[in-house]
Amino acid sequence: MSDMGMGGCPGSRMQDFREDTKGGKEEGGTRQSQLRQWPIQLHLVSPEAPYYQKADVLLAADCVAYSVGDFHKDYLKGKSIAIACPKLDEGQDIYVEKIASFIDDAKINTLTVMTMQVPCCAGLVSIAQQALQSAKRKIPVKSIVVNLQGGILSEEWVS
Amino acid sequence: MEKYLNAPIKDIITKFPEVGRILEDYNIGCVPCTLGSCLLKDIVAIHNLPADQEAQLMYRIEKAIYPDRDIKKPEGKAMARKAPVGKIQYSPPIKKLVDEHALIKRWLELIPEVLEKIDIESKACRQLILDGLDFIRSYADKFHHAKEEDILFGYTDKNLDIIKTILQDHETARSHVKAILEALKSKDRKSIIEHLGAYGDLLAEHIKKEDEILYPWIDRGLSTRQVGELFAKFNEAEESMDKGVVDRCEKFALEAGERVQKMERKKEEVK
Chain U
1 MSDMGMGGCP
11 GSRMQDFRED
21 TKGGKEEGGT
31 RQSQLRQWPI
41 QLHLVSPEAP
51 YYQKADVLLA
61 ADCVAYSVGD
71 FHKDYLKGKS
81 IAIACPKLDE
91 GQDIYVEKIA
101 SFIDDAKINT
111 LTVMTMQVPC
121 CAGLVSIAQQ
131 ALQSAKRKIP
141 VKSIVVNLQG
151 GILSEEWVS
Chain P
1 MEKYLNAPIK
11 DIITKFPEVG
21 RILEDYNIGC
31 VPCTLGSCLL
41 KDIVAIHNLP
51 ADQEAQLMYR
61 IEKAIYPDRD
71 IKKPEGKAMA
81 RKAPVGKIQY
91 SPPIKKLVDE
101 HALIKRWLEL
111 IPEVLEKIDI
121 ESKACRQLIL
131 DGLDFIRSYA
141 DKFHHAKEED
151 ILFGYTDKNL
161 DIIKTILQDH
171 ETARSHVKAI
181 LEALKSKDRK
191 SIIEHLGAYG
201 DLLAEHIKKE
211 DEILYPWIDR
221 GLSTRQVGEL
231 FAKFNEAEES
241 MDKGVVDRCE
251 KFALEAGERV
261 QKMERKKEEV
271 K
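Sequence order for the protein chains is U and P.
Quick note: the first sequence, position 63, residue 63 per the working numbering, numbers continuous.
Quick note: the second sequence, position 88, residue 88 per the working numbering, numbers continuous.
Keep in mind that the hints were calculated from the coordinates and are not lab data.
A virtual CB, placed ideally from N, CA and C, is assigned to each residue, including glycine.
Any given hint could turn out to be false.
[To be verified] Examples of chain U residues toward chain P, derived with CB under 7 Å:
{"no.": "1", "residue": "Asn109"}
{"no.": "2", "residue": "Thr110"}
{"no.": "3", "residue": "Glu156"}
[To be verified] Cross-link-like lysine-lysine pairs, in silico, DSS-like; alpha carbons within 25 Å at most:
{"no.": "4", "chain 1": "U", "residue 1": "Lys138", "chain 2": "P", "residue 2": "Lys95"}
{"no.": "5", "chain 1": "P", "residue 1": "Lys187", "chain 2": "P", "residue 2": "Lys267"}
{"no.": "6", "chain 1": "U", "residue 1": "Lys107", "chain 2": "P", "residue 2": "Lys95"}
Generate the whole structure from the sequences, applying the supplied hints.
Below, the structure is given as structure tokens:
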């Protein structure tokens, strides 16, 4: 990994991983997508959609799916999804209300929040926790933090 | 070695006491277990030791059983003895059970003091023990053990020896409670001391076994879906329980220490 020495915010600092991805094993064949819904952006999804009812929901920061090589197989499979960017998206109050509606109205079973290691991404976990606090129901919430090259830094139940 | 991997641990420790000492080096507390029916292979699997420590453990056990056998010593440095157990991360439903244990332990920790100062003729002392029994029956058994027996163990194989051991502990605890109640009626001090003491020791060991071994093992096997289901089922069970009873039990556990102190002060005043 090469840091291009730009300094500043770790979320937007330029880094070059090209050397690290060389020499990987070539994979043949195709892999089936595990996505089972559309839309997926948190502003666009509706908690009333049938695939959210009593589901295990994955709330992923936008960058996560590009970073984790086996995202579909290891994290998306069997779950309904919503994606958001806590740094760039507007209307995050609506995100809190919508996640609370997932919990109370769609009666989701669990919520897994998957974020990148950059500090601004922790905002998504905070949004989820605010939603949980404002919801009437309580559900288990898991946080998974991913490093910039797709490795899992931590995986823990946060409430 | 296959023969011993499939043998109950008590039989192995009885025949080769060194095996018990080796297990203790790895914080595996089979020696004081009342049943000892778990198979060696299950015990090793359930404790989820790091691969190098497990290899060292198995090497030492095999050497203890077959001292003359030429066994290849695992590579890597020998494990640090009595390695401290790190903070265990529980899933939310399992954490509920661990928190309930914390409340139960508040009463268990007071039992030796109560037994030491027991005055069977004192109404306050008899009432404290009666309230303690109410706490045990309503909270520890009806509220907590029922969640384990009716819900949690449904996510495991109930035929596993570790589950049978836990269920047997619950039954033994119930028989002690019955005996204490009878002893209270007949003011049989000796019997109260015997059964309440035995109950305290049994439950303290039982809780340690669950917090450190059983729960982490069950947690490792639960999918995200199952964690959510379990959490919802525990919530339902809690809601179906009379809130007044739970509040009464929690109040007892929080105030029992003060009641013991008060009893002692009164005794001193009389002297």
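Holds or violated: P:Lys187 and P:Lys267, Cα atoms, limit 25 Å.
The given pair, whose Cα atoms are some 19 Å apart, holds under the 25 Å limit.
Are U:Thr110 and chain P close enough, Cβ to Cβ, to be under 7 Å, as the hint says?
It holds, given that the least Cβ distance between U:Thr110 and chain P is near 4 Å, below 7 Å.
Straight-line alpha-carbon gap U:Lys138 to P:Lys95, limit 25 Å:
At roughly 14 Å apart (the allowed maximum being 25 Å), P:Lys95 and U:Lys138 satisfy the hint.
Quick check on the hint: U:Asn109 CB to chain P CB, less than 7 Å?
holds, 3 Å
Mind checking the alpha carbons of U:Lys107 and P:Lys95 for me, to see if they're no more than 25 Å apart?
holds, 21 Å
Can the hint on U:Glu156 be confirmed by a CB-to-CB distance to chain P that is less than 7 Å?
With a closest approach of 6 Å, the U:Glu156 hint holds.
Checked against the numbered hints given earlier, this structure breaks none of them.
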